[in-house]
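Protein chains in written order, with my numbering: chain A, 1 to 223; chain B, 1 to 449.
Quick caveat, the hints were computed from the structure, so don't treat them as lab data. Heads up, the beta-carbon is just placed ideally off N, CA and C, and yes, glycines get one too. Watch out, some of these pointers could steer you wrong.
Between beta-carbon pairs, the in silico distance windows are [unchecked claim]: (1) B/V213 with A/V218: 21 to 31 angstroms; (2) A/R141 with B/P14: 25 to 35 angstroms; (3) A/R129 with B/H135: 33 to 43 angstroms; (4) B/E431 with A/T169: 41 to 51 angstroms; (5) A/M102 with B/L415: 42 to 52 angstroms; (6) B/E431 with A/L113: 43 to 53 angstroms; (7) A/M102 with B/V174: 19 to 29 angstroms.
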Amino acid sequence: MQTFACPNCGADVSFRSPALPVRICDHCRSMIVRRGDALNALGKAAVLPFDVSPIMIGTRGRFEDRPFEVIGRVRWGWTDGSWNEWLLLFGDGSNAWLGEAMGQYLLLREWPLDRVQTQMIRRLAAGERLPAGTSGELDGRPLTIVDARDATCIAAEGELPYTAPANWTIYSVDLRGTDGSVASLQRDGEQADLYVGRYVSLAELAPTGLRRIEGWQVPTYGQ
Amino acid sequence: MASEAIISAAAEVPAAKALSCPSCGGTLSLKAAGYTVSIACVYCGSILDVANDDVRLITEYHRQAAELEIPLGTRGRLKGVEWEAIGYVERSEGGAYPWSEYLLFNPYHGYRWLITNGRGWSFGEMLTRTPGAGHGSLVLDGHGYAPFFRGGRAQVDYVLGEFYWRVRVGEEVVTDDWVRPGFMLSREQNAQEVSWTVSELLSPREIRGAFGVRPPRKPWPPLPHQPSPYAGDMKKLVWTGVGTALFVFLLLVVMGSGSTLLRGNLPYALDGTSRTATLGPITATRPYQAIAINAHVPQLDNAWVDLDYALVDRKTQASYEAYGLAERYSGRDSDGDWSEGSRSAEVKLAAVPAGTYDLVVDYSAQRWNSGLSANTGFVSALTPDQREISVRVSSGSFFGSNALIALILLFLPLLFFLHRHVKFEQARQDESDVGRTGMARLFTSSDDD
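So here's chain B without its partners, still in its complex pose (with noise of 0.2 angstroms):
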């Protein structure tokens, strides 16, 4: 007898109960055999009672059961659990909104929820915990969850397949529900109870390999739950573009100035003539360098100095040239005291290889003959010794410039991203009961309203 026993706990039972509908005479196959209460016929369409060991005939339809786009009794994987779709309920909101939700079975793990409403497919748990209060959100799992839709009345507007619970056409409920990207908290509450459900939204890719459906690839208005698809490239270029304007201001801090490679005077006089010197040796070390050539005039006031530099390699006689020009004017008009220019030029020769140079320098000085100025021009108590430009050569500057137009180039496309993400979550969120929270807020002008 004990043998028997082992026997048959060894052996596999069933997964189906055949019973045929009282209404159409049809051969149903019952797939969740002790959880199942009732069963709308698939070929009729009768609802019937089994919560009992007999069949009862609840409501009696005679009308052609509907094509479902998964036809009931498919199997697919879901996040690595195979399920059945055993039951299939359309609901709207009083016949708006409509939307459909398959019940999904497996022996060993339940019942889960595959929902859609057209634009796209969710996975749908019940909890048997209840969400936690947080700053106007619910928590759970130690995930937020925002407000969006408020007081919904679900009705239930045709039924097919089989249900753990006594179904009902026109059965209502009051819906709330919440989200977060990729998932959706919904409480239904009828008069008896409350229950809990959690969704994810599913990829177009998962619910085509599991159940052959396709859905839209880019919904709009985007679904409740959907992450906006610009979050994710907007972080990333959020933090290339910190990680980057660091980097440049590193790059700035320490080579901005540069290495200085040589220190030199010239003497001027504000006459127009034109000087030639020679500063050098200049050595260049590294394969190829930016250098900097920075000319300050002390005492320029109402004059200016031309600088020609001409940087020529001892060795080929190679030259790099530039101009610089340092002019500095100031004064006194009906709007008081004025000054402009600069008293200081800085020119810049990008990729100059390596080598040993000479700085050849021709300069002029003149002062700026206006009638304004004559009285408040070049201090001519100065000695002229004193009037000197100092140049200065340095290596590995860094074009701040260059710099700058690095970080534009870099921000514009955050700023392209950043339009496309706040259009997302406005089309989005204007879908909710709750209206426009966040940056799809913030950025909501008077006449978009």
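So here's chain A without its partners, still in its complex pose (with noise of 0.2 angstroms):
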């Protein structure tokens, strides 16, 4: 972990991953951004919403027998409602996102869009638009979309592999396989990003450290 100090507050901000560039501040909410050594304040990043989730920074858990860390969220709004997406630090220093929307869970890593050969998933890395239904594969796996539309970045806080201003819009398409498996493809411009994964439980994740929410009970989970 490294500890700087705020550009904008002085107050101690640490970065937990080496790798990832940006950090909000948890004091004065700037939005730092290292290169090497050199941090800049850029903008700062709107006030969270108030929400129950049970997932906050420094949650621990384990995926397939890797344990991780959450450190940073980025919250996402469209017209018809909002999610969380919060980044996973594991061990070995790479990430991942466990998406949380209507209580359910998503663990999604980041998926090479360059070597994707199949027509949906390149088409709609080029710039299409396919409505929900539109059913396609991914590296041999059915997948169907089962929403397509803009989503607007609402709030951060943590790390971040990207800067995330507020009201940053992006195409998001969420698609979804038979089994369980999901894929998520975030397009901003001309810039795609594809994430594959699967739902997974809170009790398969065996969290410790999660929000105490006043009049509920924190499950606890073997572990």
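Hints given; two lone chains; assemble the complex.
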């Protein structure tokens, strides 16, 4: 972990990941970008709206026997709601996203888009807009678009692989398989990123350090 | 600064967020902040949009909110987890077959559904995977689900409370349902997406314990996914029956012939004279046993032999008596050759105590003096010494007839349960769009249809 002083307010800001370039100051909400040892404050992130998510920065868990820690979050909104994407840092320095929507969780890792051969994903990446219900496949597994919409960044916190300015709008496509596998394509202008993973349950992640919510019993999972 | 973060991390956050209804001004408590998209005000019924930071009025109503069987905000424990009822939807098929769904929430476990049509309650969870296809059925987690309802149109008639999607009264989805005992698998489709829910039928005790509601004990017609209460009894009875039948069969094999205590031959003539013979000793060793006396008369034809037995205890002179008759007739008439009767006679004495016995036999043999049979009568060429009755006394013999009665008694309740089970399954399946299958169909009579 590296600790620096926030270029805006001087508060301590720490980077748990050596690789991630962006950190939002817990104190003044400045978006700090590091290049080598140089830190620059790039405007301010919006305040996160209140929610009752049981996850928070610092929550730890295991995914497929590999321990992780939650180090960042982006909250996205669209016309009919909003969802959280929690950034997980694994022991080997790799990261993944834990999507949280409608009380369900998805664990997704970035997938090299340049190696994808299948039509549907390529067309989406190339800038096409396809309606929900469109079916295709990825790496031999069938996937159907369940949602395709513009999403806007509401707020963010912690460490991030990119800057997430408020009101940043992307085209976001959710795809589902039949066996619980999922994929998500996020497109910002020319730039497209693909994430692939599956549904997970909180119990399966056996998290510790969950957020304590008044009047509810925090489940303890066997460690 | 860092210490501040640690303190806030350890602190509890509130479970609800207060907001006021732009229509009636009532204070609403948002329970699933961050997830909830729509709220139907619990005071005036107005539908509000909270998808974004502000509260927007979508549809204004001024009506008394419905009194719910489970008031919103009620918590109950189901399957080991505490749930709070935060939303309520009334649905129907174009106004018919109404049912209600409560949206349950726990911030650590997400959402569940509590579904009732007034006859029972089910606990539903949305699936994150699609069931597989089997032979005319669906397969989920290794369980097969049979089709039940097809192509239903479910509409939303009334909403109250908060929801994680944009609710709209009048919204319609196409529904299909599959069942297995105790569980229902439901598919809902609208223009955009398909969603799957699996729901488990709750026992009256479970739902009463969790939310204090009392469903009818024996709903009729049965619920689509209600397990036949007779199936379990029937299964038990079938296994008990099979087990007992095997046991009885084994008894018959092992003990049926019993162990021979004595063999003896009694000479006779077909002259009607009474003779007496004493056979012994016969030793019965078990505290009590069944004793079988078998008499066989090899050459008997158109004649009969009367046998009066007395099994006499040598010590106590206690006597156990029985009567046997061997008779055999044959001849020829307009229909051809005929014969009836048996050359053997077996009698049984139940529960003979241990002891040493003599068998005293009073017997007589007689020819059947019928004109018809005169020429086919006893073959006189036989020498008298061949005319012997062979007598065998055996113990422990298991009464085959008793075994049969036992088996009938055993299978009678099974037939009764089978009848009840079939009636139940028929009533249950008659509610479906598929009609009767399996046993319910097998036992459907033509006038029953």
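Violations among the numbered hints, reported as their numbers in ascending order: 2
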